[in-house]
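Asks: Below are the chains, spelled out letter by letter.
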Amino acid sequence: NAGVTQTPKFRVLKTGQSMTLLCAQDMNHEYMYWYRQDPGMGLRLIHYSVGEGTTAKGEVPDGYNVSRLKKQNFLLGLESAAPSQTSVYFCASSYPFSLAGADTQYFGPGTRLTVL
Amino acid sequence: LAKTTQPISMDSYEGQEVNITCSHNNIATNDYITWYQQFPSQGPRFIIQGYKTKVTNEVASLFIPADRKSSTLSLPRVSLSDTAVYYCLVVTSYAGNNRKLIWGLGTSLAVNP
Chain A
1 NAGVTQTPKF RVLKTGQSMT LLCAQDMNHE YMYWYRQDPG MGLRLIHYSV GEGTTAKGEV
61 PDGYNVSRLK KQNFLLGLES AAPSQTSVYF CASSYPFSLA GADTQYFGPG TRLTVL
Chain B
1 LAKTTQPISM DSYEGQEVNI TCSHNNIATN DYITWYQQFP SQGPRFIIQG YKTKVTNEVA
61 SLFIPADRKS STLSLPRVSL SDTAVYYCLV VTSYAGNNRK LIWGLGTSLA VNP
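Note that the protein sequences, when read in sequence, are chains A and B.
So the first sequence is residues 1 to 116, counted in this note's numbering.
So the second sequence is residues 1 to 113, counted in this note's numbering.
Just chain A, with the same shape it has in the complex (with noise of 0.2 Å):
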């Protein structure tokens, strides 16, 4: 069981490149996440995704984009890159709901990118 993992570690662009980001989950889990975090500002949730084929809003939605169309898969897209965007990005699995009550998010290595 590899769990969460994500593809690639680093990444160097420059302002105006695209890229994907790639995570992969072996737990059949149904949600799955992206987050970025930044010093001093924690996670911050940017898009979602409750099942194959639906994607959702979160907190940072702006200036990516996103695609579920495997079940186990989540993509994050930059399609024109910016300084702003340098960040680690996290992906995360979960089921719906857990023994405790609701769902517990298992985490990927996470993604260290720099836009210059």
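No lab work stands behind these hints, which were simulated from the structure alone.
One or more of the hints may lead you astray.
Capping the alpha-carbon separation at 20 Å, the derived lysine to aspartate or glutamate pairs in EDC-like fashion look like this [as the list claims (entries may be wrong)]:
no., chain 1, residue 1, chain 2, residue 2
1, A, K70, A, E30
2, B, K100, A, E30
3, B, K100, A, D26
4, B, K3, A, D38
5, A, K71, A, D38
6, A, K57, A, D38
7, B, K3, A, E59
8, A, K14, A, D62
9, A, K9, A, E79
10, A, K71, A, E52
11, B, K54, B, D67
12, B, K100, A, E79
13, A, K57, A, E30
14, A, K70, A, E52
15, B, K3, B, D82
Which bits of chain A does chain B cover? Going by a derived footprint, with three or more residues having C-beta under 8 Å, they are [unchecked claim]:
no., stretch
16, 46-57
17, 106-112
The following label-pair restraints were derived from C-beta to C-beta distances [as the list claims (entries may be wrong)]:
no., chain 1, residue 1, chain 2, residue 2, range
18, A, Q72, B, Y13, 22 to 30 Å
19, B, N26, A, V60, 17 to 25 Å
20, B, T83, A, F10, 22 to 30 Å
21, A, S67, B, N98, 18 to 26 Å
22, B, L80, A, Q72, 34 to 42 Å
23, A, Q17, B, S41, 19 to 27 Å
24, A, R112, B, A66, 36 to 44 Å
25, B, T83, A, D26, 29 to 37 Å
26, B, S74, A, S18, 43 to 51 Å
27, B, N26, A, A56, 15 to 23 Å
Glycine included, every Cβ here is placed at the ideal spot set by N, Cα and C.
Please build the complex by placing chain B on the supplied structure of chain A, with the hints as guidance.
Replies: Here is chain B on its own, set in the frame of chain A:
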């Protein structure tokens, strides 16, 4: 606007009990309180979750008063390996879109020898 507030940092010594309190004044009926731990260069990891009163597992306890406007994560007898950032999260329990996830900014815990 719903907010989750926790101290920015805390210091402790090995063997002590550490209590980190999170304030969530606007918590709703369907919301649960969850705590995560994050080490440098890693993703957060689930510690404990609760709805009311007290929950205990093998690593921590979670105390939630009757009004549920705050919660306290208790780490018994901390060690150096407990040095990490701890996040409080208020999350809705129902399935579907319009999910609510209110993350605190994290408490950086430093455990000293």
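Asks: Give a verdict on every hint.
Replies: Results for each hint:
1. A/K70 with A/E30: 11 Å, holds
2. B/K100 with A/E30: 16 Å, holds
3. B/K100 with A/D26: 25 Å, violated
4. B/K3 with A/D38: 18 Å, holds
5. A/K71 with A/D38: 28 Å, violated
6. A/K57 with A/D38: Holds. A/K57 to A/D38 sits at ~19 Å (cutoff 20 Å).
7. B/K3 with A/E59: 13 Å, holds
8. A/K14 with A/D62: 18 Å, holds
9. A/K9 with A/E79: 19 Å, holds
10. A/K71 with A/E52: 5 Å, holds
11. B/K54 with B/D67: This hinted pair holds, its Cα atoms lying about 13 Å apart.
12. B/K100 with A/E79: Given that 20 Å is the threshold and the Cα spacing comes to 27 Å, the pair is violated.
13. A/K57 with A/E30: 16 Å, holds
14. A/K70 with A/E52: 6 Å, holds
15. B/K3 with B/D82: 26 Å, violated
16. 46-57: holds (count 4)
17. 106-112: Coverage by chain B holds for the stretch 106-112 of chain A (5 residues, Cβ < 8 Å).
18. A/Q72 with B/Y13: 22 to 30 Å: Given range 22 to 30 Å: violated, Cβ gap about 44 Å.
19. B/N26 with A/V60: 17 to 25 Å: Distance hint for B/N26, A/V60 holds at roughly 20 Å.
20. B/T83 with A/F10: 22 to 30 Å: Roughly 25 Å apart at Cβ, these two residues keep to the hinted range, so it holds.
21. A/S67 with B/N98: 18 to 26 Å: 20 Å, holds
22. B/L80 with A/Q72: 34 to 42 Å: 37 Å, holds
23. A/Q17 with B/S41: 19 to 27 Å: 25 Å, holds
24. A/R112 with B/A66: 36 to 44 Å: Cβ of A/R112 to Cβ of B/A66: about 43 Å, so the range 36 to 44 Å holds.
25. B/T83 with A/D26: 29 to 37 Å: 30 Å, holds
26. B/S74 with A/S18: 43 to 51 Å: Hint holds: Cβ distance 46 Å, inside 43 to 51 Å.
27. B/N26 with A/A56: 15 to 23 Å: Distance hint for B/N26, A/A56 holds at roughly 21 Å.
Checked against the numbered hints listed earlier, the structure breaks hints 3, 5, 12, 15 and 18; every other hint is satisfied.
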